[in-house]
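**Student:** The chain contents come next:
Protein chains: 2
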Amino acid sequence: MITVLPVEGMPEVHPGDEIADLIAASIALEKGDVVVVTQKIVSKAEGRLEEVADDEGRLRLIERESVRVLRRRDELVISETQQGFVCANAGVDLSNVDDGVAALLPVDSDRSARHIRDALAARTGVGVAVVVSDTFGRPWRRGLVDVALGCAGVAAIVDLRGTEDTRGRTLQATEVAIADELASAAELVMGKDRQVPVAIVRGVDPSWLRESSVHSEIVRPHNEDLFR
Amino acid sequence: MITVLPVEGMPEVHPGDEIADLIAASIALEKGDVVVVTQKIVSKAEGRLEEVADDEGRLRLIERESVRVLRRRDELVISETQQGFVCANAGVDLSNVDDGVAALLPVDSDRSARHIRDALAARTGVGVAVVVSDTFGRPWRRGLVDVALGCAGVAAIVDLRGTEDTRGRTLQATEVAIADELASAAELVMGKDRQVPVAIVRGVDPSWLRESSVHSEIVRPHNEDLFR
Numbered sequence: 003m004i005t006v007l008p009v010e011g012m013p014e015v016h017p018g019d020e021i022a023d024l025i026a027a028s029i030a031l032e033k034g035d036v037v038v039v040t041q042k043i044v045s046k047a048e049g050r051l052e053e054v055a056d057d058e059g060r061l062r063l064i065e066r067e068s069v070r071v072l073r074r075r076d077e078l079v080i081s082e083t084q085q086g087f088v089c090a091n092a093g094v095d096l097s098n099v100d101d102g103v104a105a106l107l108p109v110d111s112d113r114s115a116r117h118i119r120d121a122l123a124a125r126t127g128v129g130v131a132v133v134v135s136d137t138f139g140r141p142w143r144r145g146l147v148d149v150a151l152g153c154a155g156v157a158a159i160v161d162l163r164g165t166e167d168t169r170g171r172t173l174q175a176t177e178v179a180i181a182d183e184l185a186s187a188a189e190l191v192m193g194k195d196r197q198v199p200v201a202i203v204r205g206v207d208p209s210w211l212r213e214s215s216v217h218s219e220i221v222r223p224h225n226e227d228l229f230r
Numbered sequence: 003m004i005t006v007l008p009v010e011g012m013p014e015v016h017p018g019d020e021i022a023d024l025i026a027a028s029i030a031l032e033k034g035d036v037v038v039v040t041q042k043i044v045s046k047a048e049g050r051l052e053e054v055a056d057d058e059g060r061l062r063l064i065e066r067e068s069v070r071v072l073r074r075r076d077e078l079v080i081s082e083t084q085q086g087f088v089c090a091n092a093g094v095d096l097s098n099v100d101d102g103v104a105a106l107l108p109v110d111s112d113r114s115a116r117h118i119r120d121a122l123a124a125r126t127g128v129g130v131a132v133v134v135s136d137t138f139g140r141p142w143r144r145g146l147v148d149v150a151l152g153c154a155g156v157a158a159i160v161d162l163r164g165t166e167d168t169r170g171r172t173l174q175a176t177e178v179a180i181a182d183e184l185a186s187a188a189e190l191v192m193g194k195d196r197q198v199p200v201a202i203v204r205g206v207d208p209s210w211l212r213e214s215s216v217h218s219e220i221v222r223p224h225n226e227d228l229f230r
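Chains A and B, in that order, are what the protein sequence lines are. For reference, each letter of the first sequence is one residue, going 3 to 230 in our numbering. For reference, each letter of the second sequence is one residue, going 3 to 230 in our numbering.
Where hints are given, some of them may not hold.
Copies of one chain are not kept apart here, so a pair can be met inside one copy or by any two copies together.
Said to hold, decoys possible - Below, in silico cross-link-like pairs of lysine to aspartate or glutamate (DMTMM-like), each with a Cα-Cα straight-line distance of 25 Å or less:
{"no.": "1", "residue 1": "Lys33", "residue 2": "Glu82"}
{"no.": "2", "residue 1": "Lys42", "residue 2": "Glu177"}
{"no.": "3", "residue 1": "Lys33", "residue 2": "Asp56"}
{"no.": "4", "residue 1": "Lys42", "residue 2": "Asp57"}
{"no.": "5", "residue 1": "Lys33", "residue 2": "Glu67"}
{"no.": "6", "residue 1": "Lys33", "residue 2": "Glu65"}
Rather than coming from a laboratory, the hints here were simulated on the basis of the structure.
Between the sequences and the hints, there should be enough to build the whole structure, so can you do that?
**Tutor:** Below, the structure written as structure tokens:
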């Protein structure tokens with residue numbers, strides 16, 4: 003059984019804040035918890051904020067954060083970010099920040115996740131894993147889902163290839179993106195209209211708790227990508 | 003708080019079986035539960051099985067189930083199915099079925115979900131929602147995640163547009179694909195190597211429990227799709 007707990011009562015996050023302090027003050031963590039933290043508060047804590055005067059400034063910022071534009075329609079830009087993510091508007095986000103300010107994606111979300119994980123361990127003595135999540139659209143399917151931008155202490159991908167199915171045959175193509183599924187599960191208790199930027203996923207398979215990285219495990223290299 | 007419970011001890015499913023009977027015999031449902039059922043046992047119960055003698059037969063089946071091929075590399079075909087899903091090999095699946103047999107996607111997974119939901123209500127008197135899930139790859143990101151093929155009694159998409167963010171500004175682009183996130187959350191307790199084809203997601207926001215359809219809400223029409 004897995005439980006997904008919203009972390010209620012988190013204060014507004016400002017540049018320089020230590021997110022681990024705010025989480026530790028809001029909920030009692032247990033060993034093996036996966037702490038899912040939305041990108042927005044990570045970007046704020048890390049000061050990844052930029053002033054944008056107008057739509058033109060926003061577009062310049064999107065272009066600066068992009069290494070390549072894949073599609074463009076009206077105000078929507080689908081591009082590949084410097085971190086290798088393909089998403090809308092290079093992750094440049096104007097919601098839940100001050101007017102005239104945009105939040106950018108963390109420079110290295112795996113490093114952000116490791117920092118929060120280590121700071122939580124130092125403060126609480128409890129060994130937890132961390133996923134930094136963001137809300138992405140998908141081709142072919144309407145609606146947004148939360149996915150992992152970074153992780154620490156939990157597998158990004160669990161490789162079930164080589165294990166046997168219930169008939170004893172070797173399974174193929176069963177690399178499951180656990181970190182993305184954890185981000186999606188966490189989103190179910192967050193909501194966009196409530197002040198719940200952190201959720202705990204408790205009770206995950208202990209074998210998933212290992213060193214990992216979204217960048218090295220999930221971001222698909224160009225040479226194996228059929229859609230880039 | 004949300005809890006995700008694996009339904010253990012489900013027997014092997016055969017054509018003609020009533021999945022609702024097997025679920026009702028295995029777990030005590032509660033009002034408002036979302037019952038996530040993997041496509042494989044739905045396809046088996048509905049007799050969506052075909053003999054395939056060899057690789058060539060498998061390829062013919064994939065082409066028959068596809069309305070259009072988007073990409074092809076070696077043995078992998080990415081195509082659009084008759085149901086409008088874009089996935090690998092048109093969902094034709096050789097794992098966890100008898101040798102020489104392939105499982106096809108249900109003809110109408112929303113209808114399958116409604117059937118299971120109605121049969122559960124008739125047998126147990128408990129009003130639950132149902133999601134039929136399958137495991138899909140994604141462009142740009144490695145690893146597979148579970149998504150919804152069909153749903154009944156729970157929103158496929160929850161539209162938070164028009165609600166306000168924590169600053170009182172109207173949010174944009176926040177249509178969340180709840181049914182896909184429910185499928186992903188359920189997968190976390192299923193695993194591919196265990197006999198757990200059903201999971202319960204308990205404690206979802208009651209406002210999500212309404213009539214819906216993956217086909218009408220999530221499958222993206224061609225004219226608004228930038229990647230088809």
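**Student:** None of the hints should be skipped; say for each whether it holds.
**Tutor:** Structure-based check of each hint:
1. Lys33 with Glu82: Cα proximity of Lys33 and Glu82: none, with 36 Å in one copy and 43 Å across.
2. Lys42 with Glu177: between (28 Å within a copy, 18 Å between copies)
3. Lys33 with Asp56: Result: close neither inside a copy nor across copies, 46 Å intra and 49 Å inter.
4. Lys42 with Asp57: Within one copy only: 20 Å inside, 47 Å across.
5. Lys33 with Glu67: Answer is neither: 37 Å inside a copy and 47 Å across each miss the 25 Å cutoff.
6. Lys33 with Glu65: Neither, since 42 Å and 49 Å both go past 25 Å.
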